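Enquirer: Keeping their order, the protein sequence lines are chains H and Y.
Counted the way the numbering used here counts, the first sequence spans residues -13 to 213.
Counted the way the numbering used here counts, the second sequence spans residues 79 to 380.
Honestly, the hints are just simulated from the structure, not real lab data.
Since we're looking at a predicted model, the values are computed, not measured.
All residues carry an ideal CB built from backbone N, CA and C; glycine is no exception.
Please note that the accuracy of each hint is not assured.
To be verified - For lysine-lysine, the following DSS-like pairs were computed, each having C-alpha atoms within a straight-line distance of at most 25 Å:
(1) H:Lys59 x Y:Lys144
(2) H:Lys78 x Y:Lys162
(3) Y:Lys93 x H:Lys78
(4) H:Lys78 x H:Lys13
To be verified - Stretches of chain Y that chain H covers, calculated by requiring three or more beta carbons in the stretch to come under 8 Å of a beta carbon on chain H:
(5) 108 to 116
(6) 280 to 292
What the hints assert, rightly or not - Among the chain H residues that face chain Y by a calculated CB cut under 8 Å, a handful are:
(7) Met(-13)
(8) Glu(-9)
(9) Leu38
(10) Val69
(11) Leu77
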Amino acid sequence: MIELEDVSKVYSTGSPAIKNINLNIKKGEFVFIVGNSGSGKSTLIKLLLKELEPTSGKIVVNGKELAKLKRKKIPYYRRDIGVVFQDFRLLKDRNVYDNIAFAQRVVETPNKVIMRRVPAMLSLVGLSEKYRSFPKELSGGEQQRVALARAIVNNPAIMLADEPTGNLDPKNSWEIMKLLEEINKRGTTVLVVTHNREIVDAMNKRVITMHKGVIVSDETKGEYHEN
Amino acid sequence: MKISTFIYNIGQGIKNIKRNKLFSLASVGTITACIFLMGMFYAIIANFQHMVKEAEESVCITVFFKEDITEDGITNIGNLIKSKPEVSKIEYTSADEAWQEFSKLYFADDPELAEGFKDDNPLAKSANYEVYLNDLSKQSEVVKYIKSIDGVRKVNDSPVTAKSLTDFGKMVGYISIAIIIILLGVAIFLISNTVMIGITVRREEIRIMKLIGASDFFVRAPFIVEGVIIGLIGAIIPVCVLMIIYEKVIVYLMTQFQTFTSQILFIPLKEIFMIIAPAALIIGAGIGFIGSKITIRKHLKV
């Protein structure tokens, strides 16, 4: 599902963010990427979203080689990837319903489908009652659940979560992780970037550890992937 | 594009305007001022050209014939003149008609004085053709041609009138085109600024849209809609204002300056706004479209 071959990224300042990374994530996997600040985790997410171009190496996602992807095809590629961020990135001037519907509108989903799909997503994340609330009226955990609903409303094949629990208390962090696990069970490949070691240890999933732009370990409970 | 997407983008364009009320108002105001001035210039120029045309149409070349010419010779000269494409019409005045006109004009109070010339027409050599042209600038060419026709004795023309009217008309045309181009430039610049502010305000939203997988068109469309709507509102307002003012000004001129205006024919309101209204809407929408397109190309890399 996600393949990286000798991928490096050097920023224009000259500092290398990622050095010769090799990685293979299979369809339906749930993977944590952990590491300190500056380890290259967020750069990896940006490369997968094609927000950044690698300096060298090959990235293949969902059978598409990103370097060969034409500019006009990028939006269509991204429609197969759901993404959530630490700061939720909700539209402040729209209510919960419209924030989720927005993701469907931008991919030109018919209104009838939107009206059926958004309530289903609200129910999944447990926010059916708050569909008319605006982001500022919600707690951090609720905002992240809206962001999750928005990320999965288009049935993406891959879900990328960049520090999804970074701004949340332990209780809400667990709720978000449980939701991500639920999404993964429905067949979506989930890639979570985090530095919350406690959650990572408790979830029993594959964990890739990065340090200074290099993968230093790749292990699943009882299993080790050589990179 | 799906109808629901089209409606959604129009809605977003309207929301952009509402979110950005002050700048949208400033843009509408500027376009209104620009189109108002354009409309006003057009109305003045169109009326002026209308008057020039009226004046041009009254300027004619008079062709006199040699004394020994026959009726057939005169007809032949008339046919040759009429064959020129620059000639719009010719009118023949015989020596008798010329005398009748003259006596009506000068002996109206004492017709018995004219009786003295009954058998001796003093204007016997005054049979003539009055030649009217389509384009006054071609007058000298036509005069040269008529002078070359056998049987023509004399050609009276008014080269100064013709040239000065044509030159003045051209000068007014060039000045107005220059002013309109400058105003269009200003309007495009301002609308472009408004859209740029909209893009800056919505930068985060645009980033989210791009990450979710919105196409270039979907991201750009609301800004184009915003520009076009601002342009259209900025066109409708001055057209309405101009319609009211035009009618009032014409009525004022006709009543206050009767002696002067009795010589002049103004273009009727309906006729002039058949051109101004659609032109203003097209220009307004065009300014909005071009202004937003320029900004999007420059500031919205999707």
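Enquirer: Would you mind marking each hint as holding or not holding in the structure?
Expert: Outcome of the hint check:
no.: 1; hint: H:Lys59 x Y:Lys144; verdict: 85 Å, violated
no.: 2; hint: H:Lys78 x Y:Lys162; verdict: 75 Å, violated
no.: 3; hint: Y:Lys93 x H:Lys78; verdict: 14 Å, holds
no.: 4; hint: H:Lys78 x H:Lys13; verdict: 34 Å, violated
no.: 5; hint: 108 to 116; verdict: violated (count 0)
no.: 6; hint: 280 to 292; verdict: holds (count 10)
no.: 7; hint: Met(-13); verdict: 18 Å, violated
no.: 8; hint: Glu(-9); verdict: 25 Å, violated
no.: 9; hint: Leu38; verdict: 13 Å, violated
no.: 10; hint: Val69; verdict: 6 Å, holds
no.: 11; hint: Leu77; verdict: 6 Å, holds
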